[in-house]
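**Student:** Going by numbering that gives the first Met the number 0, the residue at position 55 of the sequence shown is 54; the numbering climbs one at a time, nothing skipped.
These are calculated hints, taken from the structure and not from any lab test. Hints are supplied without guarantee of correctness; some may be wrong.
[To be verified] Derived SDA-like pairs (lysine to any residue); straight-line CA-CA distance at most 20 Å: (1) K126 - L103; (2) K83 - S131; (3) K83 - L140; (4) K161 - R150; (5) K126 - L113; (6) K48 - P32; (7) K98 - K48; (8) K83 - H138; (9) K126 - R116; (10) K83 - L103; (11) K98 - S131; (12) K126 - L108; (13) K177 - K161; (14) K98 - R116; (15) K98 - L108; (16) K98 - N142.
A quick note: this is a predicted structure, and the numbers were derived from the prediction, not measured.
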Amino acid sequence: MGVLDQCGASPAPNVISNNVEQAAQVCSLPLPPQQYIANYTDENIKRGKAPRPPPPVYDTYSMFGNTFNADDTIIRPLETQGIKRLYPHNFDRRRELRKLNHSLLVNFLDLLDLLVRCPESGRRAEKVEDLSLLFIHIHHLLNEFRPHQARETLRVMMELQKRQRHEISQRFQKHLDKVSLHVCSCMMDSSQKDNTVFTTGISDLGSLILYDFYR
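Go ahead and model the full structure; you've got the sequences and the hints to work with.
**Tutor:** Written out as structure tokens, the structure reads:
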């Protein structure tokens, strides 16, 4: 418990604001979406009051508390980041991921053994660095699969859209066939009514002529 909590005092508003801004800059998770829910309501969108999307970043940007350049490659080689590569350039990614995962478990067990047997040993920091290096390599290998994952996601999304449009076109064709049948039926009924009216008119005209003749 802090001094302010013990005294029952509240921190100044500017202190709270600074803490929130700092947390927003370095937090690995997004802020609660309540602000988006409040801003992007249906009424605000209809009236054009919803905030516009931010402009594209062309120079530098901050993410997870680190500064990045927009011109940098998305997946940078390990050597450009000052990280020692543990696997060759030509390799099988699945095989290397299995090996890295196995090495990660072995080093973690070694670290636990050191903490039990000799907690003050200097090898503890060395094992922590080894674990960190293994995690970096695993993360890097997984990131190299991101382009393939993006292509597969796009392919699945396009197949779903294609299937949905095909289903819509089939439903539209069914409704079109029904409408065509109704139109044809109405035209046939109208034609039959016209023929009946024409026949009745001729019969009435003939009766009138005969009446005038015999009169």
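**Student:** To test your reading of the hints: which numbers does this structure violate?
**Tutor:** 7, 13, 14
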